[in-house]
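**Student:** Spelled out, the chains give:
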Amino acid sequence: MNSHTKTEENTYEIISNFESTDEKLQTKALMIELGAAVLGINWLLITIPNVEIISFSIFFIGYLFRTKFALVTSLVIIFSWEVLASLTFGLGLLVFPLKVIGWLLFLIAGHLSYKFKVEKAYEFLIIGAFFTLIWDMVVTLGTSLFFITTPLEFISVYLTTFIFGINFTIIHVVANSYLFATLPYIERTVLPVVQINYDYLLQSRGVNK
Amino acid sequence: MKRTLLFLVMLLFILITLTGALYLFNQNQQKGGVSVGLIYYSLEVKFNGIKPDIQKSYLLNTTLTVYNLTILDNNVTIKVYPNLGYFVTSIDGVFNNINRSNAFWIYYLNNVRGSLAVDQMVPVNNTVISWRYE
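Quick note, the sequences are listed as chains A and B, same order.
If you read the first sequence in my numbering, its first letter stands for residue 1, the second for the next number, and so on.
If you read the second sequence in my numbering, its first letter stands for residue 1001, the second for the next number, and so on.
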């Protein structure tokens, strides 16, 4: 009897180990799928200036998934994209840390939006526009930060750079606002599919919503 | 209520920032935009083996004289000639005719020797300013 219980315990242990390995693999698989999808779509948009889906994707990932998974996936996307597309061009390497900060703000915004139960399209639109503007302002810091030495020059060059790039900023803000406004519809489509296999990675929707 | 207020503040921030920047951009375009456009300078200081050479890039919102550009990050001493202008006597502790005999600081703009005193020469956008101790 005693040995039978022990065998049962061992079996459970083996099964739970398998399940845990399975979950880890599934998590990694989803991470890779998400990363590949975002990078692929963004690559298609690369010829259109300042239209990108990385910001939206990171926000969406932050909105949908638990902190650890969302953070790791976002970093995978950011680093893959920058190595693939941006670091070798112009000021790419210099503004990279600022881009990371900007994108992490999107992640935090996504997480907080879920916590504060943001659900309406117009709310997402405003959040998208606001954080895109902040992202542009943070990344613009790079130009002045790396070239200018005195504080006065820094402020004047920063403002000049921002003003001269305003057309691109407006394109970025408008494009992202549109994308963010579609988030509730995308969530409605994506969530049921993700819930089937990856319920354990989602923020606790059953409790809050 | 708080939430609506937060969204209104965000919206206001977006509108003010974008319209303000767009307004300033248009104002600048109407002015011709040369004096406040971004000016790129590259500055080299070649110490002729006495010290490691320096190379820096500057992105400015205004043009500068060669003198003003050089003193941004270097210790420069000058001698003033009333009718001619400034004459550089040392850069970062390397003096004309002292650290090396018959060697003087001479500036070049895009590899062409400067023709005016340093306080009178204003390089155009995208100029490489090169100081050579020779």
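Hints should not be assumed to be uniformly reliable.
Claimed, not checked - A few chain B residues that don't get close to chain A, going by computed Cβ distances all over 12 angstroms:
1) 1061
2) 1062
3) 1103
Said to hold, decoys possible - If the Cβ cut is set under 10 angstroms, some of the chain B residues that face chain A in the computed set are:
4) 1005
5) 1008
6) 1014
7) 1024
8) 1050
9) 1060
10) 1065
These are computed hints drawn from the structure, not numbers from a lab.
Note that beta-carbon positions come from the ideal geometry of N, C-alpha and C, so glycine has one too.
**Student:** Run through the hints listed earlier and report the numbers of any the structure violates, in increasing order.
**Tutor:** Violated hints: 1, 2, 4, 8 and 10; rest satisfied.
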